[in-house]
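Sequence order for the protein chains is A and B. The end of the first sequence is residue 218 by the working numbering, with every number in the run present. The end of the second sequence is residue 218 by the working numbering, with every number in the run present.
By construction, these hints were calculated from the structure, which means they are not laboratory data.
Which copy is meant is left open, so a pair is good if it fits within one copy or across any two.
With a straight-line Cα cutoff of 30 Å, these simulated DSS-like cross-link-like pairs (lysine-lysine) come out: (1) Lys111 / Lys98; (2) Lys168 / Lys64; (3) Lys199 / Lys168; (4) Lys145 / Lys64; (5) Lys98 / Lys168; (6) Lys12 / Lys111.
Number of protein chains: 2
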Amino acid sequence: MDFADFFPVWDKLKESERESLTASAANRRFPKGSVLHRGSSECTGLMLIRSGQIRAYTTSAEGKEITLYRLFERDICLFSASCIMNSIQFDVTLAAEKDSEVTVIPSEVYKSVMNASAPLANFTSEVMASRFSDVMWLVEQVMWKSFDERLAAFLLEEANIEGSDTIKITHEVIGNHLGSPREVVTRMLKYFADEGIVKLARGSIEITDAERLRALAE
Amino acid sequence: MDFADFFPVWDKLKESERESLTASAANRRFPKGSVLHRGSSECTGLMLIRSGQIRAYTTSAEGKEITLYRLFERDICLFSASCIMNSIQFDVTLAAEKDSEVTVIPSEVYKSVMNASAPLANFTSEVMASRFSDVMWLVEQVMWKSFDERLAAFLLEEANIEGSDTIKITHEVIGNHLGSPREVVTRMLKYFADEGIVKLARGSIEITDAERLRALAE
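Excised from the complex, chain A in its bound form:
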């Protein structure tokens, strides 16, 4: 996987710009569970996800969490380089949900190329607009959907990511994704189980009636 796979505008950059991006980039590995970036105090750099799965989330003062979006292979993580823009005034934490390999471009290098290159600046806008769309989806979910609908959508998404009807996850982790206390997750999952929609086991959830789950989510 090379830079052109991440940047569709790669051939619109000058030779010198491509060189400064590639020369400064470094590959890093983040084992499952590790934190890649925390809040706005760090400005690690732009991250190109070569493999794995990254979760972007925000936390309350009390340590509660809600997932903002996920990043997969070929995605670009902008907010680990939030200092490239003055107007990014919020904190995002990034953690590896699976063992992940990323290429990091230092923020100052990326910023200096972006400041001079219209194609790269416009591409960066598109990446941000895409994340903005993810967060707007979240706003709509949180505002207009009930918890059973959101939980149903989350279980379907997980099953889709894992390619399996059995999801290995704890109720607490689901709560952290959805911004809800564990007990609320447990109560709703028990209701789903009573209705024959899922089958609960220790550390895993099996979807037994995907159709009803989909009907709930929509």
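Based on these hints, arrange chain B on the given structure of chain A.
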């Protein structure tokens, strides 16, 4: 007020770019209550707010509303030109909260200058990052704050915008700002009144104990 007041990068644009932006721009007036832009189906153009006050909000399928952010004099409204970026996949409605005067730059003109100009592209990113920060603030409010805290923050914001401790607003309009049913607003305002924090009258709310309201909001 001219273009340089809106675009801090104005002197970094080429003469021809400045000309195409100014030549295509048109001034429009929107009376209080009118809708400037609705959803992603329209792509009216970039709007420069010369005077007035604009509310950006999103609606549920059932017509419920929540305010995303507000725009004031000298602000730029990007999402009325959402077609300038492919990755903006969400709907924002814009309505005038006060009589407003705006300068509209047609989307295709703005897009073509932005695509060629690194300064304008980077400035546009900053505008978007600023709105993104507003929406992230909203996510945190909705997720981690209780309704009394959010209502307190809203009343203080309104008093600040109006420069008065007496706010002319209905409970229904407050509900539309906060994404909550009118009855919930009425109930909480009555509680605030019982506590001596506000005084309620027909169509207006007077803040009588700003200190306690601030303590609640924080």
